[in-house]
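The task is simple: from the sequences and hints, build the whole structure.
There are 2 protein chains.
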Amino acid sequence: MVAAGETYPIDSKIPRADALGYWFKHGAHVCVAEADNTIVGSYTLHANQAAAGAHVANAAFIVAKEARGQGIGRAMGEHCLKEARRLGFRAMQFNFVVSTNESAVKLWQDLGMKIVGILPGAFQHPKRGYVDVYVMYQELLPANEANKR
Amino acid sequence: MVAAGETYPIDSKIPRADALGYWFKHGAHVCVAEADNTIVGSYTLHANQAAAGAHVANAAFIVAKEARGQGIGRAMGEHCLKEARRLGFRAMQFNFVVSTNESAVKLWQDLGMKIVGILPGAFQHPKRGYVDVYVMYQELLPANEANKR
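Chains as they are written, first to last, in this note's numbering: chain Z, 1 to 149; chain S, 1001 to 1149.
Source of the hints: derived by calculation from the structure; they are not laboratory data.
In silico lysine-lysine, DSS-like type, Cα no more than 25 Å apart, as pairs:
1) Z/LYS25 <-> S/LYS1025
2) Z/LYS127 <-> Z/LYS106
3) Z/LYS25 <-> S/LYS1013
4) S/LYS1025 <-> Z/LYS13
Computed from a predicted structure; not experimentally measured.
Laid out in C-alpha cells, this is it:
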C-alpha cells in the first residue's frame, strides 16, 4: 500500500525497520485483523500529541490488497474507536486523509468521523497530481459527560 | 514558554536534550532573532510530512518572554514564510494553533495564514480547560504558477 504511494505521505521505498518504527511507535496500541489464520490488516492507535494534547488519539489503518472489500477496514475502525474510548481518549483525529481515497473518507464518515479541516493540495498523488487532504475528527466523550456539554 | 503549558502540546518538564531534538529535528531549518547581541526568539522550519506530503512546510516559533510585544514574532513569521518559499515549499501548515493564543492567531492571519480546520477541545489549557485548536494553512505558489490555477 505504501509502495503504491496513493494514500500515505510515506516514502514508497521506506526500509522495513523504519516502517515498523512508524507503526509501532512508543506507546502505540497495535491490533491485527485475522482471517483464515492470516493477518489481513492492522491498525496503530496512539496519542496524536503529547502533554496537553494527549487526550486526542490518532490512528492509521492498513488492509492487505488481496483482502479489500470484505469489511475489514470497517471492522478495524469500529474496534479502534472502541479501544480509544476504553483507553480514555476524548477524541479521535485523523491528520491526513487523502481526499481521493473516497472509500476511506466514506467509511470514516459512516463511523462518525467528520471532516473538520481541508488542506488544499497537500498530497502529491502519483496519478492525479496535487490533491486536497482532509483532517477528520470525532469526540469520544462518555455518554454521561457528553450530556453535560 | 513550554513550562507555562499554554500554547504547545509539549510536556512542561521536557528534558533539555529532547527539547533540542524537537526543535532541531532532521532536516529542519532553524533561525534565531537577535536584539542587542542576545537571542530573543527562534523558529524551526521543516517539511510537515514525508514523501508525497513533503511539499508542505511546517514551522514553530518561540519568543523570549522578556522580548514580547516588540514585533519579533512577526519578523520571524515573515522571514520564515520567505524562507519556505525560497526552499521550494508550496504551502505552509501550522498543525496546532491553540485558539486561546489570540495574538498568535491574529498575527498568522495578518501574514496570510487561514484557519482551514478546527479541532474541538483538542488542547487542555491549564487555566481554561479544553479549548479548540486551529489548523492554519497558506499556499506559497510562485506568482506565475498561481495565475495558472
